[in-house]
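Q: Model the full structure from these sequences, guided by the hints.
Protein sequences, first through last, are from chains A and B. According to the numbering used here, the stretch in the first sequence is residues 1 to 160, in order. According to the numbering used here, the stretch in the second sequence is residues 1 to 193, in order.
FYI, nobody ran anything at the bench for these hints, they're computed from the structure. Backbone N, C-alpha and C define an ideal beta-carbon position, used for all residues, glycine too. Keep in mind that a hint or two might mislead.
Derived contacts from chain B toward chain A, CB cut-off under 7 Å, selection only [said to hold, decoys possible]:
{"id": "1", "residue": "Glu23"}
{"id": "2", "residue": "Arg24"}
{"id": "3", "residue": "Leu30"}
{"id": "4", "residue": "Thr126"}
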Amino acid sequence: MTLAGTVVTASPALAHGDHDARPLLRHAQAGPYSVSLWQVYPDVGSAMTPHLIVTFDDPPPESTQVTVVVDSARVDVVPSMTTPGAWETLTGVLADDVVRVTVSNVDGGWEVPTVVIPHPLTSVLPMRALIMISIFLASGVAWWAGGRTARAWRRPLPEV
Amino acid sequence: MAHTAQETTETGFIQKLNGRWHERALWVYLAIVILHWFEHLFQAAQIWIFEMPRPEALGALGYVFPWLVTSEVMHFGYALIMFAGLVLLLPGFRGASRSWWLASAIIQGWHLVEHTTLQVQAIVGTNLFGSPVPTSFLQPFVPRPELHLVYNLIVFIPMIVAMWLHTRPAQDSANDCNCATPDVPALVGVATA
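A: This is the structure we're talking about:
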């Protein structure tokens, strides 16, 4: 399924931000605009490829346009359906891609500082293994605690 | 005088909580902690095992009541209860178990600071680092679900070690509570030839 397809069929979601995307550039000045760049995490499932999000610190006027060039090739970018005043690319960006974003309106165009996509943070932690160990640990503790709780209520409270 | 009487009552409550009520209070508290832990594990499984999009991975209760997560109320409430329990039940611990319980309380203290900051951001509507959503201090380095899963894990492990040490029969003589008292009292008698 393409990203465009999933964007159309996806249920309403929270605005993009630190919970589902990593910041690439915060509060960069582009002419009259203050802009931040984000990349959705690559391990969020098939519904979201690691695409780029351009957010404005203040909602831009409707006439504002955003252009994104990745490795010298222009990519499609559309207004975000989940994040007010934001724009999203329709294709993912990969580590080491060179991204140039231009913001324009009727008065002209301004380039955001060029960003090279860093390698993702999430690869540091072996999350599946961590989750399985945690589930095993929590289940074992729940079993132990169940027995001890039953025992605590079975016997009378100690005398003062 | 009324003030003194109130202080006496409060002191009495803490003493009871760490004496004759300690065993039952400890297991009730652990049940709450485990429920919270499973909430985080459910969310983690939604993301990394069932591969749900992160904005839709809100945990078990959050799946049914999304506002609990988006308003930050649920995890702030859990963090507050967890920290209060760790502090209130601390006096009942002795020796090595006390050190482990205290370590858990200190880590949970930082976890509570993080959740308080998140709660304030959700109420005020202004977020750290210019983020469109409430953000933890360490989120620029580690994404939120990973960060808070690790926070809970490093609070949970020393807590369980402390409880295990505290409830061993060998600890019974050091405790003021009956958490480590064996189920069946030892029989006292005189052996005859």
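Q: Next step is simple, just say for each hint if it's right about the structure.
A: Tested hints:
1. Glu23: B/Glu23 check passes; min Cβ-Cβ to chain A is 5 Å, inside 7 Å.
2. Arg24: Where the cut-off is 7 Å and the nearest Cβ of chain A is about 5 Å from B/Arg24, the hint holds.
3. Leu30: 5 Å, holds
4. Thr126: Nearest chain A Cβ about 12 Å off; hint violated.
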